[in-house]
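Number of protein chains: 2
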Amino acid sequence: MSKFRVLKKGTKTLARCGVLQTAHGPVKTPFFMPIATKASVKAISSEDIVELKSEIILSNTYHLYLRPGMSVIKKAGGLHKFMNWKRAILTDSGGYQVFSLGAKNDSGKSMVKVSNKGVEFRSTYDGSKHTLTPEKVIRIQEALGSDIMMVLDECPAYPATKVDAKQSMELTTLWAKRCKKTHSKKKQLLFGIIQGSSYKELRIQHAHDLKKFGFDGYAIGGLAVGEPTEKMYQALDWVVPELPADKPRYLMGVGKPEQIYEAVKRGVDMFDCVIPTRNARHGLLYIWRNKDLKGKFYQEIRIKQSKYRLDIKPVDQQCNCVTCKNYSRSYIRHLFSVEEPLAYRLATIHNVHFYLELMQTIAKGI
Amino acid sequence: MSKFRVLKKGTKTLARCGVLQTAHGPVKTPFFMPIATKASVKAISSEDIVELKSEIILSNTYHLYLRPGMSVIKKAGGLHKFMNWKRAILTDSGGYQVFSLGAKNDSGKSMVKVSNKGVEFRSTYDGSKHTLTPEKVIRIQEALGSDIMMVLDECPAYPATKVDAKQSMELTTLWAKRCKKTHSKKKQLLFGIIQGSSYKELRIQHAHDLKKFGFDGYAIGGLAVGEPTEKMYQALDWVVPELPADKPRYLMGVGKPEQIYEAVKRGVDMFDCVIPTRNARHGLLYIWRNKDLKGKFYQEIRIKQSKYRLDIKPVDQQCNCVTCKNYSRSYIRHLFSVEEPLAYRLATIHNVHFYLELMQTIAKGI
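Protein chains in written order, with the working numbering: chain Z, 1 to 366; chain A, 1 to 366.
The following block holds chain Z by itself, in its conformation from the complex (with noise of 0.2 Å):
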């Protein structure tokens, strides 16, 4: 039986509500998961997140792996009770930092090797040498607990020659196949994710390859690598109808507002970005302008301008957030000013609501 259960389609695009089952509790699609990348939604604690109604958020097994270490997190019992979170995890495989944060030797070359065996890497902590199998990860994400654990695959930077792409894409099937064989715990979902870069050909015969492997779900990988926008949607308008319509998708690593809304609409469930937090650190807040999703449907403002120093409105005055509900923009432009902590918390409270009700304002819509 599916975990993932469709309960109502848009008439005029691939749009879809529905809920999928996890080990810790239904989770409303279309999601967004806020990005716990070290074990904690930066700036913000789980009882934060609980506050924020997040039925789900996403943790980062490459970070988890070398901070605090495996031993740490089963010493614990595993991630949900580390970090005292009930609600769903869903954990990358830990492939996308191997690359994004690997280290380059003096000649500016990458000291990340990959062989059919696996990826061997350098902490970005310590420069200890580690490898990643798809054996491997699968047994971390086991040990970690989490609900949702994804395939290790290799993601090539944008652009890619077509050859290099291919070559990239056998690869990863070749590691999902090795992950699926691993995967023994069945209350943790697996899912697949589908590579390809900007050739229709290759995407299209990456679904075919992957779905053979009956995934749980099936993720959109090496998108939001660089690419223009309407190549990401483009890739998706390929991708989406070769999928099983009983799965659900994930469009890993997106993104802003409207491709998210734009996502949806070409029938992606699932999404995970560090925008909204990384941006509320940096003082950038989202506001509501039309609740109708139509044209531009937000906006954003930097808060630590000085237009806001005598503004004693709220940062938007329709949330209903923490932050919203308690401050204005000009107490919170002045613990950005004087660099308080509770600055990055408020901020952050704010925009991951934003993200929350946007998600819940399309799947109205729906």
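Careful, some of the hints might be misleading.
[To be verified] Simulated DEER-style distance windows between Cβ atoms:
(1) A:R302 x Z:G78: 53 to 61 Å
(2) A:K187 x Z:Q317: 27 to 35 Å
(3) Z:Q299 x A:G108: 50 to 58 Å
(4) Z:K109 x A:G108: 37 to 45 Å
(5) Z:Q299 x A:K81: 24 to 32 Å
(6) A:Q317 x Z:G127: 23 to 31 Å
No lab work stands behind these hints, which were simulated from the structure alone. In this text, a Cβ means the ideal position worked out from N, Cα and C, and glycines have one as well.
Using the hints, position chain A against chain Z.
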């Protein structure tokens, strides 16, 4: 009618319990004030302080006057509204920071200029020139809307010669008189500050001099400035018996848990100190040993130490704070080791809770 009522007195000591009425509600004595230097108790929110059940906080006039500046606080309708804190606030006069943060010229000489009129100094933020006078610090604090205001005083460094200590004491008396005269908003209490360094004669004389003005409470200043703890206790033994029994007594900038306990026994009602919050941000946490306050009744632990790596107990098993109810030593150690901002908040909540529980425990024993 005095705003302060003593409800219970110690039998063998000068300790007392009572309640101080403020424009923002009653505050049970003896109490400790968490410090919101720049309109935020560093790393926690006003909602956190409500949850911690603190009835009063302290904020610093020097910082607020320079950042965000009075126009911003006035626009918000006062400091309470600015930081969304509905209970009592004590503000200092700014004098202490003028001296402690005072810039020095190339020859190492202080650029702070003191005259009978007031004190001229340069901003720690941008070097701009400012003047504080007794009249001005009252007007600023009246605009801040603090529930307890402090007079402008000159706090001599330790050690000070008797001549210097006397001169600075006499200046403080002159300024105290002018503060008292300027004080117009009687809902806001005004406290005098007793100086006199480590000289018994001066301390007693100054208590007498200030008592004549009829302040709403009396602070003992010029302590916790580097003198041995015994000298601090000695100064209390000299001064407290000279102060009116029906007015609250405030030991500024103190201190360590055992110092607070000893000072309560010597008749002090009010305390403030950066120790719990600053130590929290450095990973130094307080845990209870004996709640009967006998001997070394608490312990400091350095949560960053590797021995806590696999320690899944709460910071303090006897503590009911949000941090101890939800997170382990292992998790908090991890947050510190990867410098997650949540570390500072969880640690601060715990240490402030410890200090507030210390005050309750001391009160129960009276």
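Hint-by-hint comparison with the structure:
1. Distance hint check for R302 (chain A) and G78 (chain Z): the Cβ-Cβ separation is about 27 Å, which falls outside the suggested range of 53 to 61 Å.
2. Checking the proposed 27 to 35 Å range against K187 (chain A) and Q317 (chain Z) shows it holds: the Cβ atoms sit about 32 Å from each other.
3. Our hint of 50 to 58 Å for Q299 (chain Z) and G108 (chain A) holds, since their Cβ atoms are close to 51 Å apart.
4. Look at K109 (chain Z) against G108 (chain A): about 52 Å separates their beta carbons, and that is not inside 37 to 45 Å.
5. The supplied range of 24 to 32 Å is met by Q299 (chain Z) and K81 (chain A), whose beta-carbon atoms lie about 26 Å from each other.
6. Between Q317 (chain A) and G127 (chain Z), the C-beta spacing of about 38 Å breaks the proposed range 23 to 31 Å.
Of the numbered hints listed earlier, those contradicted by the structure are 1, 4, 6.
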